[in-house]
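Undergrad: Chains as they are written, first to last, in this note's numbering: chain C, 1 to 114; chain Z, 1 to 110.
Read the hints as simulated data drawn from the structure, not as lab findings.
Check the hints yourself; a few may be wrong.
[What the hints assert, rightly or not] Using 25 Å as the maximum straight-line C-alpha spacing, the simulated SDA-like pairs for lysine to any residue come out as follows:
#  : chain 1 : residue 1 : chain 2 : residue 2
1  : C       : K44       : Z       : Q97
2  : Z       : K93       : C       : G28
3  : C       : K44       : Z       : S105
4  : C       : K44       : C       : I12
5  : C       : K44       : Z       : E41
6  : C       : K83       : C       : G28
7  : C       : K44       : Z       : L45
8  : C       : K71       : C       : S7
9  : Z       : K59       : Z       : Q97
10 : C       : K44       : Z       : K59
[What the hints assert, rightly or not] Chain Z residues, not near chain C, derived (Cβ > 12 Å throughout):
#  : residue
11 : Q9
12 : G66
13 : S73
14 : T102
15 : T104
No residue lacks a Cβ here, since even glycine has one placed at the ideal position from N, Cα and C.
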Amino acid sequence: EAGVAQSPRYKIIEKRQSVAFWCNPISGHATLYWYQQILGQGPKLLIQFQNNGVVDDSQLPKDRFSAERLKGVDSTLKIQPAKLEDSAVYLCASSLNSPYNEQFFGPGTRLTVL
Amino acid sequence: TQLLEQSPQFLSIQEGENLTVYCNSSSVFSSLQWYRQEPGEGPVLLVTVVTGGEVKKLKRLTFQFGDARKDSSLHITAAQPGDTGLYLCAGVKNGNQFYFGTGTSLTVIP
């Protein structure tokens, strides 16, 4: 079974530029999550999708971050414009809709904003 | 602010030593998970504990869920260099809402 795919793996941009990340979850997983992880810290949820609907985006900085999951499969997360404090690893995870779910994570995209 | 606080934040020990990592919250969770993350990779699930007071063992790792389902601990016996990584607890609410802890970075020195 293929795991969660993310691209790119690394991205370096200047502040005020735009960037987009892509995630392809495990086939059949209805729930998709985007997390921001600062080095050495726990992941912080940015947005959670159930199929193509948003379940929770309360911690998404909506003035600069946006995400979509068209057709309920793959997803993109965009930052426009980027700030220095956006430097982090962006993790995508997916899970089935069942009790005591296990989240399966992709390898993440490491973003550096200069 | 994160719902789950982990301690210690950093831990560096010699191979063969024992250690305990704590995960504490004032919130009640339906279940609690522990993940391990290695550099350049996403977290990988180690265990899920569901019942208050539950203890699960995974080889040299012992996981306990607090009686009130607000806290948890991870104990590693005879740590090995392969145990090195970032350990994360995650409280689960409503089946698919995950709240990650602050993380514990463990280094086991050969």
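Undergrad: Are any of the numbered hints broken by this structure? If so, which, sorted upward?
TA: 6, 9, 10, 11, 14, 15
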